[in-house]
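Participant: With these hints in hand, go ahead and build the complete structure from the sequences.
These protein sequences, in sequence, are chains U and W. Each residue of the first sequence is one higher than the last, beginning at 1 in this note's numbering. Each residue of the second sequence is one higher than the last, beginning at 1 in this note's numbering.
Fair warning: there could be bad hints in the mix.
Below, computed lysine-lysine pairings styled on DSBU-like, alpha-carbon distance capped at 35 Å [to be verified]:
#1 U:K373 - U:K201
#2 U:K364 - W:K375
#3 U:K179 - W:K368
#4 U:K368 - W:K368
#5 U:K373 - W:K20
#6 W:K142 - U:K362
#7 U:K317 - W:K20
#8 U:K362 - W:K368
#9 U:K244 - W:K184
#10 W:K207 - U:K368
If you're looking for bench data, these hints aren't it; they were derived computationally from the structure. Just so it is clear, the structure is predicted and the values come from calculations on it, not from any experiment.
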Amino acid sequence: MVKQPSSTSHMHRRTQEQLLLEYFRRLESRREGRKAVRINLSNLMPLNRREHHIRAATNSFESIVSDLMGQLFQLENLDIFFIYKSEAHARVEDTVQKVKFLFSDDPLFDEEKYSTKEFLTWFDVEEQYDELLGMVQDMTGDGRPTKQVSSRSNVREALKARQEHGDPLSPDILSRAVKALYRTDLTSLVRRQFVCNVNEKFVPDSQFSELYISIADLRETMMPGINLTANRWLFQYLTESLDKRILSLLSKADGSMMTGDISFNVNVSTLMSPEFIAFDEGMSAARRGSMVLELQKIDIFADYGSFLFVHEFCREKGYRICLDGLTYEDLLMIDRQRLGVDYVKMTWSPDLVDGGEEMTSKLKEIIKTAGAKRVIMARCDDREAVDFGRSIGIRMFQGHYIEHLIAEDERRRQLLKLKHRIERG
Amino acid sequence: MVDSTAAFSGPGNTRISQEKRLLDALARMRSNNAGAYAVHLRLSELPASHRQPHFIRMVSRTLDSLSTKQEVIIFNLTNLDVVMLCRNTPIDEVDDAVFQVRALFHEDSITQTEDGSAEDRFSAWYDLSQSTDFKDFEDSIKTIDLAAKDVKTQLSEGTSTGRASKTMEGDPLVPDMLQGITQKLLEARIGDLVHRQPAVKVGAGKKQELAFREHYISMGELRARIAPKVNIFSSHWLFQYLSETIDARVLEVLSRLEYATMDYPVSLNLNVSTIMSRPFQNFDSIVGEHSDKVVVEIQMIDIFADMRSYIGARDWLQERGYRVLIDGLNPLTLDFFNPTTLKADFIKINWGPEVQGGLGQEQTQRIKTVVGNMKLGSVVLSRVDSEEGVSWGLGLGILCFQGHFIDKVVEAMAAKGALK
Numbered sequence: 001m002v003k004q005p006s007s008t009s010h011m012h013r014r015t016q017e018q019l020l021l022e023y024f025r026r027l028e029s030r031r032e033g034r035k036a037v038r039i040n041l042s043n044l045m046p047l048n049r050r051e052h053h054i055r056a057a058t059n060s061f062e063s064i065v066s067d068l069m070g071q072l073f074q075l076e077n078l079d080i081f082f083i084y085k086s087e088a089h090a091r092v093e094d095t096v097q098k099v100k101f102l103f104s105d106d107p108l109f110d111e112e113k114y115s116t117k118e119f120l121t122w123f124d125v126e127e128q129y130d131e132l133l134g135m136v137q138d139m140t141g142d143g144r145p146t147k148q149v150s151s152r153s154n155v156r157e158a159l160k161a162r163q164e165h166g167d168p169l170s171p172d173i174l175s176r177a178v179k180a181l182y183r184t185d186l187t188s189l190v191r192r193q194f195v196c197n198v199n200e201k202f203v204p205d206s207q208f209s210e211l212y213i214s215i216a217d218l219r220e221t222m223m224p225g226i227n228l229t230a231n232r233w234l235f236q237y238l239t240e241s242l243d244k245r246i247l248s249l250l251s252k253a254d255g256s257m258m259t260g261d262i263s264f265n266v267n268v269s270t271l272m273s274p275e276f277i278a279f280d281e282g283m284s285a286a287r288r289g290s291m292v293l294e295l296q297k298i299d300i301f302a303d304y305g306s307f308l309f310v311h312e313f314c315r316e317k318g319y320r321i322c323l324d325g326l327t328y329e330d331l332l333m334i335d336r337q338r339l340g341v342d343y344v345k346m347t348w349s350p351d352l353v354d355g356g357e358e359m360t361s362k363l364k365e366i367i368k369t370a371g372a373k374r375v376i377m378a379r380c381d382d383r384e385a386v387d388f389g390r391s392i393g394i395r396m397f398q399g400h401y402i403e404h405l406i407a408e409d410e411r412r413r414q415l416l417k418l419k420h421r422i423e424r425g
Numbered sequence: 001m002v003d004s005t006a007a008f009s010g011p012g013n014t015r016i017s018q019e020k021r022l023l024d025a026l027a028r029m030r031s032n033n034a035g036a037y038a039v040h041l042r043l044s045e046l047p048a049s050h051r052q053p054h055f056i057r058m059v060s061r062t063l064d065s066l067s068t069k070q071e072v073i074i075f076n077l078t079n080l081d082v083v084m085l086c087r088n089t090p091i092d093e094v095d096d097a098v099f100q101v102r103a104l105f106h107e108d109s110i111t112q113t114e115d116g117s118a119e120d121r122f123s124a125w126y127d128l129s130q131s132t133d134f135k136d137f138e139d140s141i142k143t144i145d146l147a148a149k150d151v152k153t154q155l156s157e158g159t160s161t162g163r164a165s166k167t168m169e170g171d172p173l174v175p176d177m178l179q180g181i182t183q184k185l186l187e188a189r190i191g192d193l194v195h196r197q198p199a200v201k202v203g204a205g206k207k208q209e210l211a212f213r214e215h216y217i218s219m220g221e222l223r224a225r226i227a228p229k230v231n232i233f234s235s236h237w238l239f240q241y242l243s244e245t246i247d248a249r250v251l252e253v254l255s256r257l258e259y260a261t262m263d264y265p266v267s268l269n270l271n272v273s274t275i276m277s278r279p280f281q282n283f284d285s286i287v288g289e290h291s292d293k294v295v296v297e298i299q300m301i302d303i304f305a306d307m308r309s310y311i312g313a314r315d316w317l318q319e320r321g322y323r324v325l326i327d328g329l330n331p332l333t334l335d336f337f338n339p340t341t342l343k344a345d346f347i348k349i350n351w352g353p354e355v356q357g358g359l360g361q362e363q364t365q366r367i368k369t370v371v372g373n374m375k376l377g378s379v380v381l382s383r384v385d386s387e388e389g390v391s392w393g394l395g396l397g398i399l400c401f402q403g404h405f406i407d408k409v410v411e412a413m414a415a416k417g418a419l420k
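Facilitator: Written out as structure tokens, the structure is:
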């Protein structure tokens, strides 16, 4: 259930926070008659923060944006920051009401407990420019996780990474983090992303959903200023603790978290722990059959005997197994069927398209051998990923773009329903 | 019901042992043995890598369904064997459970015999209503009870080279300890802990020559020096973290060698991250133009952790004239994994108990294909501790060997003056 922020595809891309800061700087001389609103989606219950809900919320601002009346930024913590011309104020208020409506089941709207301020903050850009600028600077100054330091040597790179992403995770901090994890309620950090079949008309059909902990949010909540992924092995150790917290969350979870088939990340060592055995004990056979365990490739070679052992144990119990985070090079070497895993998850990267004819034909062959129903392309951020994936024979996809497709599909269905109602009426 | 008092406790437990309980139960059964039988699962016959508490825990878990039955008592013996005492329990139900446990170890040759047959080394069935079976069974448990005292030594079985020794006692390694251990690693004298093990290549006409000498740190000795009370292998990830510091120290020791006049190349284990670091740059400047005398061994786990970094490091090393060896493969991994695309100069396969009983034809064919796709002599079979290993390897087209048995061969060669 751990997702490292996708590194390669965002390497040269600026964050929304950085873009927002730039936008603000440009606004300095044109701040008159502008207002802003921040919608604190991060204060909602995690369940309500499903990506297609969020997508629906941002989509509702579309018409104002296309009329050039405002600009929307979606922050890393999912909050929406919308800056607009005062003329559009009524429209913005309307839209905000709609967004509120989307999440009206959330306890945040329990008026006895919370004021609307928890959900919305309104600003007058003209009057509060400096305050806003400071706020946005703080957001970016925090640094964004992971740009990989992989080029040769490095003191300079390391210093730069430290400035940009915070202090690297050290054994000391790791030790404190592991202890703190047991005291922290992670419920609010759980995210869900669907793995869908996507057909030629781009209609998504959900197969299962992955539950994971947002590492960016975890860091913000528990260890601001620390670059959690700076050392692979220390981070990997941290994930073992996360695994166990997730297992306990899942076994205590109410129906809503466990709807449909789900998947989550686990270390092989976790599957051999008393915690997993207790978790497994609480599961009915049918429930086990609806779960997909996502294992990491490094775990295969860390201890092949253990890998085979838990693999056999879990398959026997009815769990399905997915090997996560594979690159093109990995897929060239691994035979899915012979390894005996149900799915392999390949990480989308624009490099795949740049690889040319040879890579494309090799990929087609790989997908054919592995089985179209067995390969998932993950981290699909845009249409190109799905277009390319489909062209090489992949049918299952996951990522921001798929969440967008789900939201679109939902909207289409609603419209259709409305149309039927009007026709009948 | 399960008697689990000692199920999760290791050897050295002072409570009444499971052997004792089992013998007591047997004694009580002697006068009332109708319909009674026993099944003995010899987990102790498994290779050391499988005799770990968490494996055994999972075996217990697999047998749970059975133990909820009234007439089955399960004993977890000190040597990790499991005994089930049954009375009138349908054979099929017990069979199912045994089959499941067997499946957990399916890659092991000892489980690949027919259940209950005479040559079955994994499970033994005793009809306790027959006095001969009763006595045989009782005797074998008594033997185990006696041996229980020596079990500690049995369990702590080491490995020769490389890094994967899992069965080790002591407190598990936790992040709190890392700083202290790293500091000790940096300060400790380690030159004397670096050992050498030759790899020998069998050439035309069975002529043998030395391919390279691996320089490695004996982890057992290192641990005794820096953290005698800690099981530094208990977490793969934290050990990997420590290994980055170990790399720097080994490079320091190897920087003292004379590469210009060296007869045979050396090999050493390094993390990919180390190759990109300052200690390696320093080493590189000492090796200079003699980089053909150095083989860099990289673990598969490290490669998989970041394939792109590996590719970068490999290309750089090969361009500079170093050779790259992939370590950490075993014959069974070749079943689903084809290392040829890693474009290394050597791959190393560990000869282990998994294959000593022989492999299926299909598996053998697969290994042959992988070996065939590599350059002649670039596959090294390591941990070879008997002549059997050499003939097994030769049969597959492997020409390069390493291990205790090879050490002896090299000693003999040196005695004959065949080595400089």
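Participant: Between the alpha carbons of U:K317 and W:K20, is the straight-line distance 35 Å or under?
Facilitator: holds (33 Å)
Participant: Take the C-alpha atoms of U:K179 and W:K368, compute the straight-line distance between them, and say whether it is at most 35 Å.
Facilitator: This hinted pair is violated, its Cα atoms lying about 49 Å apart.
Participant: Next pair to validate is U:K244 with W:K184; report whether the Cα-Cα distance is within 35 Å.
Facilitator: holds (31 Å)
Participant: For the pair we were handed, U:K368 and W:K368, check the Cα-Cα distance against 35 Å.
Facilitator: holds (25 Å)
Participant: Are U:K373 and W:K20 close enough, with their CA atoms no more than 35 Å apart?
Facilitator: Violated, at about 54 Å.
Participant: Between U:K373 and U:K201, is the straight-line Cα distance small enough, at 35 Å or below?
Facilitator: holds (18 Å)
Participant: U:K362 and W:K368 were given as a pair; does the straight-line alpha-carbon distance stay at or below 35 Å?
Facilitator: It holds: about 23 Å lies between the C-alpha atoms, which stays within 35 Å.
Participant: Keeping to a limit of 35 Å between CA atoms, is the pair of W:K207 and U:K368 held or broken?
Facilitator: Between W:K207 and U:K368 the Cα gap is close to 46 Å, so the pair fails against 35 Å, i.e. violated.
Participant: With a cut-off of 35 Å on the C-alpha distance, tell me whether U:K364 and W:K375 pass.
Facilitator: Distance ~28 Å between U:K364 and W:K375 Cα, so the pair holds.
Participant: Is the Cα-Cα distance between W:K142 and U:K362 35 Å or less?
Facilitator: violated (61 Å)
Checked against the numbered hints above, the structure violates hints 3, 5, 6, 10; every other hint is satisfied.
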